[in-house]
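Peer 1: In case you want the letters, here they are:
There are 2 protein chains.
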Amino acid sequence: MSLPRIAIDAMGGDEGVRVMVHGAAEARRDHDKFRFLLVGDEARIKSALDEHPGMAAASEILHCDEVVEGDEKPSRAIRRAKTTSMGLAINAVKEGNCGAAVSGGNTGALMAMSKLALRTMPGIDRPALAGLMPTLGENDVVMLDLGANTDCDARNLIQFAIMGAAYSRIVTAKAEPRVRLLNIGTESIKGTDDLRTASQSLRDATGLALEFDGFIEADKINRGEVDVVVTDGFSGNIALKAIEGSARFVTDLLKTAFTSSLRSKVGFLVSRPATELLRHHLDPNNHNGGVFLGLNGVIVKSHGSANAKGVANAVHVTARLLEDDITTRIAADLAEMGEDALRETGNGHSSGDEPKA
Amino acid sequence: MSLPRIAIDAMGGDEGVRVMVHGAAEARRDHDKFRFLLVGDEARIKSALDEHPGMAAASEILHCDEVVEGDEKPSRAIRRAKTTSMGLAINAVKEGNCGAAVSGGNTGALMAMSKLALRTMPGIDRPALAGLMPTLGENDVVMLDLGANTDCDARNLIQFAIMGAAYSRIVTAKAEPRVRLLNIGTESIKGTDDLRTASQSLRDATGLALEFDGFIEADKINRGEVDVVVTDGFSGNIALKAIEGSARFVTDLLKTAFTSSLRSKVGFLVSRPATELLRHHLDPNNHNGGVFLGLNGVIVKSHGSANAKGVANAVHVTARLLEDDITTRIAADLAEMGEDALRETGNGHSSGDEPKA
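For the record, the sequence lines run as chains Z and L.
Count the first sequence with the UniProt record's numbering and you get residues 1 to 357, in order.
Count the second sequence with the UniProt record's numbering and you get residues 1 to 357, in order.
Treat each hint with caution, since some may be false.
Chain copies aren't distinguished; within one or between two, either way the pair holds.
As the list claims (entries may be wrong) - Cut-off 27 Å, straight-line C-alpha distance, at most; resulting in silico cross-link-like pairs (BS3-like, lysine-lysine):
(1) Lys309 to Lys174
(2) Lys73 to Lys33
(3) Lys46 to Lys82
(4) Lys190 to Lys73
(5) Lys255 to Lys220
(6) Lys73 to Lys220
(7) Lys94 to Lys73
(8) Lys33 to Lys46
(9) Lys46 to Lys94
Simulated from the structure, these hints should not be mistaken for lab results.
Sequences and hints are given; from them, build the entire structure.
Peer 2: Have a look at this one:
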């Protein structure tokens, strides 16, 4: 089976066309069977491709003039879907010309346009935004939902667990990633009704390609003891940003401390390799690539401010998702979970766009 | 007006009676007008007081044999309220023998027992757990609720804002602390209905002793740009633990980095003063003292693992709350907000134990 192409929104991202093309070319070195559709200003894309003949040979250009703005409302972006680089990249997935699209543009617009164009896959009520975060262990941890859904019920959470495990198998190469639900305590009585119901259903389920072990508290996310953290989009967004802000807070304190005296400046220079290691671990470019899971097609969000290495990481994740055929994997686990088990948990609630299988 | 006494649960805290007594004695140096009721094993308390004659002269001992266990269920702790050091400390507040109680014991038990014994103050539906966190600015930031209430409506959030501002005035000495609601974006359309309703009501309110400025995202909590962060107990607990876990993650990475080579070990030693500064900022003992706000009496939770300096901080906070008569201040702001304004937001919802004023 030949691999599907990857659409790149070459205009989405603060750093411009060159960074998107350069990043994609870098990722292509490890995934040289892929072909690309580069969507955006043809002259600038061609100019960026000059430096990357191999990438140029593997790419088709789809010209367009318009770009979704960073602060554009999703409703307006949707109306301009036929004329913007983001809209056309998503449309290429919808029409089957590509298997996935990568964009560094406006997250809300990307989410809304993708959901409308691609619809949720059979058995999934709502797509989720999944991201990778560094840990003290060997692998990054997958966390979802990071903000696509403010309210989630037990049925949504179970579906997120299955989708997150499918993503984690690709990241960790584990057959059964360790999955937990984010909660304010680990005892089974803690949290909301939906969390307790989802936990019980995941415990009762057999045959899923994941190892479910109850709840996890937010201070344990980065310890490397778990592969997938499942949560509603509100709590997930709070946890993600709290972690980012706290890491920045500590490194800012360090900077202040290290520049506070000549002695500490000398110490800083001597220990430069150590602080470089820290910087490498915390550099979001090394963990770039948020994925919208649960749609009929793979949509990957690259950080708006990502550099070429960051974009390469996002395209690398995209290629691995396609190589692994994540959509088929999720569908298989959903079948294993059984529509009956899911139906029991969610009292028939659904806000998805797609009729259930 | 004479100051009310402070009850100290001398048995609550992992480090034992000596640490609780030593910490209280240290705090008393800055607050020498206060008198104390020390609740717990009389022989051990007396022995601990031998080192602190000033404290001994200012203290009465209330002997008891029993202690609330760290993993004891709140329901069981409540049944033992008349015989445990925690229960008797709270009871001293209830009976008016003391104005406040400090405990380093089981948080869930302390919360449940306090709520039952003291009831919420007029105009408050639910008490909240408020904590202090370090920032890049001059002052710690107050965040509440940290886990007392899993679900909160707009009315609860407004009350938390008023209570948090009252606490912050004591911490920052500002007449109008800057208050924001924790949300997943700063635009007014973001988040839940309750968040948007609370935001609008706080914007519309005039005459409150606080400066309300809409929403804040979790990555900005520690920047020093805000004095009070208001949130429901679920999100607050997630944010607090995510921040703690992330700070620990970064310092663990640093430790690994600094011990990875001889060069970086030397660098670490040379820059010791800098890393000490970091440790000082992140040491929870410097930000110790979670406060249950909204009860008829002040209840302060000291970290179970706090050292004497940490306990001193918790007692210092308690003394400041009493000196400032926080309960009266909250009542005044509630009156300013007006029962009518509050009634509009919460569609009459209340889960408090106290009839409204």
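Peer 1: Quick one: which hint numbers does this structure break? Sort them smallest to largest.
Peer 2: 2
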